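Visitor: Sequence:
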Amino acid sequence: MLRPRRHPELAGRRDADGQFAIPLGPNPELVPALDEAARQFAPPGLYQGVR
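Everything in the sequence shown is counted per the numbering used here, starting at 133 for the first residue and increasing by one.
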């Protein structure tokens, strides 16, 4: 699990469910590449997909 203390850049990036959410702003074209990378390299059970 990611810890804000070890990853201060994630402070304030939790959504209403308590999950970390990284807004991409005006760059929706990045979503498919980031989704594929996370599916390929994230430890099992960590990545929960794109919402």
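It should be emphasised that the hints constitute simulated quantities derived from the structure, not laboratory data.
One thing to keep in mind: the hints can contain errors.
[Unchecked claim] Computed spacing ranges between beta-carbons, pair by pair:
1) P158 - R137: 27 to 35 Å
2) Q180 - R137: 17 to 25 Å
3) G144 - A170: 17 to 25 Å
Values in this document were obtained by computation on a predicted structure and should not be read as measured data.
The beta-carbon is built from N, C-alpha and C at its ideal position, and this holds for glycine as well.
Visitor: The structure should be examined with respect to each hint, and the outcome stated for every one.
Guide: Cross-check of the supplied hints:
1. P158 - R137: 27 to 35 Å: 30 Å, holds
2. Q180 - R137: 17 to 25 Å: 22 Å, holds
3. G144 - A170: 17 to 25 Å: Because 21 Å falls inside the window, the suggested range holds.
Every hint, counting from the list given before, is met by this structure.
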